[in-house]
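In order, the protein sequence lines correspond to chains A and B. By the numbering used here, the letter at position 26 of the first sequence is numbered 26, and the numbering carries on one by one without gaps. By the numbering used here, the letter at position 94 of the second sequence is numbered 94, and the numbering carries on one by one without gaps.
Hints listed in this document are in silico derivations from the structure and should not be mistaken for laboratory results. Treat the hints loosely; a few may be bogus.
[To be verified] Taking beta-carbon pairs under 10 Å as the criterion, some of the chain B residues facing chain A (in silico):
#: 1; residue: S31
#: 2; residue: P34
#: 3; residue: F55
#: 4; residue: N82
#: 5; residue: E174
[Claimed, not checked] Sample of chain B residues with no beta-carbon within 10 Å of chain A, all distances over it, derived:
#: 6; residue: I141
#: 7; residue: H193
#: 8; residue: R271
Virtual Cβ for every residue (Gly too), placed ideally from N, Cα, C.
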Amino acid sequence: MRLGRLQKWMQAVVVHPGTTRQALRSPEAARHLAAAKLQTVLLPSPTLTPAERIAIYQEMYPLRMRDALAADYPGLEHFLGDRFPEFVAAYAAVHPSRGYTLNRLGDHVPAFLGRQRRLTPRAFLVDLARLELALTEAFDEQESPALDAGAIAAIPEAKIESTRLIPVPSLRLVALNWNADEWLDTLRDDLHRHPRPHKRRSFVLAMRRNYALYRLPLSEAGFCVLQDIVAGHPLGEVVTRSLSRRGAKRASADDFARWFRLWTSEGVFAGIRKGAGSKKRA
Amino acid sequence: MTPKPKGNRFGFKDLGIGIGLRTAHYGHILSTWPKIDWFEVLSENYMDTGGRPMFVLDQVAERYPVALHGVSMSIGSTDPLNREHLKKLKTLADRTKAHWVSDHLCWTGVLGRNTHDLLPMPYTEEALTHTIKRAKQVSEILERPIVLENPSSYVEFAHSTMPEWEFLARLAREANCGLLLDVNNVYVSSFNHRFDPLEYLDAIPADRVVQYHLAGHTNKGTHIIDTHSDHAIDAVWRLYAHSVKRTGRVATLYEWDEDVPPFDVVLKEARKAEKFRKGLAQ
């Protein structure tokens, strides 16, 4: 058997989510080798048949995928419990790893969950996965020193409106419709006192600081302001846009001073860009 | 009579006795800077992150010699070489001043997929020619000779025309690459495929061995799985003792990847190699 064909056949068997018998008989594998001809390709050992030998690889594949997704989605794994392996198998069949690391294997999990009717409460699970994905992304981002509070204070008043703030690369903003943030807070509760999933609009900032991940709850108005900063709006526009919003999305004049003090002390910003075209990093 | 060792032909140094850099030990390493000769670094874990792993690696590489060890080069695959992976690997090797870069004699996937397993090659002329060509290309891209490790395996292909040790020796000579001799893998495969491990070790070109791997495994009775989850058994140490007499003192690394115990436990296990290296020339 030529090398290319052998590898296509073996891979088809190894990644098949069913039993080894099903894997050997699957159309993907049988295209390259009929199940009945297995012994022409693989030798038996004194203790194992060819099918039992290739089963070792086939059984390890889902375990690796499970470990990788559990590392990125510990909350989802905990919530799904016994249903998690089945979820992983279904996910890996649709979104197999195509990269040289498993780090990005789970990038499609929130979208995939959104299509799974059998997993409930689906909208809660999607929110939980979105939050965990944001944390995973923040984990791998480039580290950047936080902007010193004095740097913002030193901006001449006349230039403040045209100044843009540059967030740290790890900053992620997540708007949630369910109480996934509250649920994730209880992940390490050994007594499993998790809140019951329920609808609750909330806003979370996820980021990494000094190589540690953390989350900060935001008001809806604060969330909108940070979204505008991330989008690159100058501070004058950020304020105008915020004051023109209605209801919970609208900030008050007092909010800005409080938020910027808090966000700066939390290391949300990495630099400032004064006016058009000029760049300055802290 | 065993010929007197002359050292490896690449001039790679005997780095002494090291262990793999693992997340579970980050805190211990950063707080104590333990006395250890060198660290082996899993390349793919550091290629795409600007977070804590890279922060730790930069500090480790400043203080200790390191070598890179990868799992996704897929040198035997019939898919094209992943040039992005190789480019990032070279960047990481330069950044960490890695003494050498190693990966496995295996394939990890085809058709753009990565199973993240070290899948075995058939030992045929076709596979050998293919792997030699790619090993040469990799060495050219990395601007250093690639070092390849013998895998542990659970299947044997009926159409193989040579034993693994002959394949490995010819590959090393014809592609001019170094060898990372995993003595535990030799033991595991010798059990699974019922060959004489000493015949294997004696067929390896001693002047191409630049590193040893030692590890524990899990004996299932009918077969052995290379789990890196335990102390090495005496039979593996005996194989190491036999081989090191042929190669002389060569950088030796203990791998412990599952149920990772405290740093000092792994280091103590690694240092068992000292008595076999004593009195030997590099």
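Hints and how they fare:
The interface hint given for B:S31 is broken, as the beta carbon of that residue sits about 14 Å from the closest beta carbon of chain A, more than 10 Å. Taken as an interface hint, B:P34 does not check out: its beta carbon lies about 20 Å from the nearest beta carbon of chain A, beyond 10 Å. Interface hint at B:F55: satisfied, since its Cβ lies 5 Å from the closest Cβ of chain A, which is below the 10 Å cut-off. The interface hint given for B:N82 holds, since its Cβ lies 6 Å from the closest Cβ of chain A, which is under the 10 Å cut-off.
At its closest, the beta carbon of B:E174 sits 17 Å from a beta carbon of chain A; the interface hint therefore is violated under the 10 Å criterion. Under the 10 Å C-beta cut-off, the non-interface status given to B:I141 relative to chain A holds; the minimum distance is some 14 Å. At the 10 Å boundary, the C-beta of B:H193 falls inside the reach of chain A, the nearest C-beta of that chain being 7 Å off. Non-interface status of B:R271 relative to chain A is upheld: no Cβ of that chain comes within 10 Å, the nearest being about 29 Å off.
Violated hints for the displayed structure, listed by number in ascending order: 1, 2, 5, 7.
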